[in-house]
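Protein chains in written order, with our numbering: chain R, 1 to 181; chain Z, 1 to 301.
Do not rely on the hints blindly, as some may be mistaken.
[Claimed, not checked] Pairwise CB distance ranges (calculated):
| # | chain 1 | residue 1 | chain 2 | residue 2 | range |
| --- | --- | --- | --- | --- | --- |
| 1 | Z | 24 | R | 71 | 53 to 59 angstroms |
| 2 | Z | 261 | R | 116 | 43 to 49 angstroms |
| 3 | Z | 82 | R | 71 | 48 to 54 angstroms |
| 4 | Z | 105 | R | 153 | 33 to 39 angstroms |
| 5 | Z | 256 | R | 175 | 30 to 36 angstroms |
| 6 | R | 89 | Z | 186 | 27 to 33 angstroms |
| 7 | R | 38 | Z | 121 | 32 to 38 angstroms |
| 8 | Z | 131 | R | 38 | 31 to 37 angstroms |
To be clear, the hints were calculated from the coordinates, so they are not data collected in a lab. Ideal placement from N, C-alpha and C gives every residue a C-beta, glycine not left out.
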Amino acid sequence: MKTFILSISLLLSVSLSFSQNIYKAVQGEIAFFSETPIENIDAHNTNLKALLNTDNNEIAFVVTNVGFKFEKPLMEEHFNENYMESDKYKVSSFKGTISGDLIEYAKDGEYPVTAKGTLDVHGVSQEREIKGTLIVKGGMITMKSEFNIALKDHKIKIPKVVVQNIAETVKVTVNIDFEKK
Amino acid sequence: MTKPLLIALFLLPSLTVFSQDDLMNMLEEETNNEAKPEKVTATFKAIKLINANTIETTKKKTLDFRITHRFGNMETSNAAGKHTLYGLDNASNIRFSLDYGLTDKLSVGVGRSKTREHIDLNLKYRFLEQKEKGLPVSAAYYTNMAISPVADVPEDKFANRLSYVHQLIIASKITPGISLEVLPTFVHRNYVDKSNLHPKNNSADENDLMALGFGGRFKLTKRFALVADYFMGFSEFRDGDNAYYDALAVGVEIETGGHVFHINLSNSEGIIENDFIPNTRGSWGKEEYKLGFNISRVFTF
């Protein structure tokens with residue numbers, strides 16, 4: 001009996017530690033774009049962390065809000081001070097699972113995927129289904145996605161005086177390269 | 001006794017692997033491990049509070065065009081006030097200025113005031129930045145040279161038209177809503193009239209003046225704040241008996257997109273340090289405060 005339990009638990013621990021196929025973001029960018037007839041706002045952020053577990057298709061990413069870089073310094077200040085309130089809400093994040101039944105992580109190819117999970121921006125969580133593409137090439141996985149965020153869904157208020165300068169819905173672009181950890 | 005112990009021992013490695021499973025926890029752990037202290041931004045909204053400079057510099061490749069206006073004395077309880085609509089008929093001082101950011105920390109500016117026709121050239125360099133978990137203050141150095149191109153200058157010498165300011169600005173954003181600063185300030189004027197002595201202590205005017213400035217901003221909403229600044233002078237010659245006063249200003253700050261407005265009351269007509277530190281003759285007690293406004297519009301190139 002003793003030997004049985006011993007061998008089972010040994011096997012279990014060994015197999016589990018080997019089966020963790022976790023990929024880590026080595027580089028990437030999250031950008032957003034707001035378009036109005038008066039002014040376009042374009043911000044880019046490379047200050048992000050992301051992990052992808054290819055065993056259970058779980059994905060998570062976290063981006064530091066003060067890491068968004070704008071073309072005009074005043075836009076950046078207003079983004080942090082007035083809209084994102086970066087001192088209170090330091091990060092934005094997404095955690096979910098990708099529909100990856102057809103993905104073969106070991107084989108080069110391009111796979112359309114849908115990530116289902118929780119998007120947390122400005123301290124407000126929203127359940128979202130986000131479409132994207134996974135590109136597997138030479139052991140590296142690239143994730144690309146484009147989706148919209150409605151500012152009111154995340155309780156980001158735009159005052160009347162600048163309502164013509166900031167779009168109600170901003171387009172978010174994600175582009176992250178993962179490598180096995 | 002040994003059996004459960006053994007089981008526990010061998011289950012332990014597998015348990016630790018399980019606990020890693022949550023990706024979010026792993027990310028958070030990593031983020032916490034390499035968290036750098038973030039620098040504190042937007043201690044103040046603009047490069048000037050009312051009279052006082054702030055720690056903020058005009059950012060790289062941006063141009064700040066400012067109009068600073070001071071009306072006449074309000075003198076609400078006497079005839080002078082009523083017949084000038086509380087000073088609105090008079091313009092004690094108007095200053096137009098342009099400030100440009102060479103880098104995010106170094107800016108240069110030029111301004112022209114009505115008083116003494118002062119043309120000032122200035123430079124501000126921010127050398128310390130407050131960090132969220134670290135350095136509690138920001139600091140900057142400000143200096144200017146002002147030229148007074150008035151028709152008559154004593155002894156007809158160009159040097160007598162010049163005055164200089166050196167100022168250290170130390171500021172702290174104590175909470176997101178409260179920012180405070182102190183400003184040790186040195187003013188040197190090449191020429192002063194030493195013939196008029198103080199009526200009581202017989203001291204004469206001085207070329208070199210020291211003052212300690214204090215400034216604060218208290219945000220009431222995201223875009224609306226109360227602001228105040230005060231400069232305490234250290235001069236025997238300058239006191240109430242000789243009709244000189246410390247410059248004190250209070251006001252509100254309103255931000256609308258690319259503009260910042262200030263509406264304020266101040267007893268000084270001078271707008272630059274070269275003016276309001278040596279030459280504030282208005283007294284709050286005698287209702288000699290003036291309505292004023294500052295408008296700032298920022299352009300990015």
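Hint by hint, here is what the structure shows:
Separation of residue 24 (chain Z) from residue 71 (chain R) is about 32 angstroms and departs from the stated range, judged on CB atoms against 53 to 59 angstroms. For residue 261 (chain Z) and residue 116 (chain R), the Cβ-Cβ distance of about 47 angstroms falls inside the hinted range of 43 to 49 angstroms, so the restraint holds. For the pair residue 82 (chain Z) and residue 71 (chain R), the beta carbons lie near 51 angstroms from each other, so the given range of 48 to 54 angstroms is met. Checking the proposed 33 to 39 angstroms range against residue 105 (chain Z) and residue 153 (chain R) shows it holds: the Cβ atoms sit about 37 angstroms from each other.
As the Cβ distance of residue 256 (chain Z) to residue 175 (chain R) is approximately 35 angstroms, the hint placing it in 30 to 36 angstroms holds. Here the CB-CB span from residue 89 (chain R) to residue 186 (chain Z) is close to 42 angstroms, at odds with the stated 27 to 33 angstroms. In this structure the supplied range 32 to 38 angstroms holds for residue 38 (chain R) paired with residue 121 (chain Z), their Cβ-Cβ distance being about 35 angstroms. The hinted window of 31 to 37 angstroms between residue 131 (chain Z) and residue 38 (chain R) holds, with their beta carbons roughly 36 angstroms apart.
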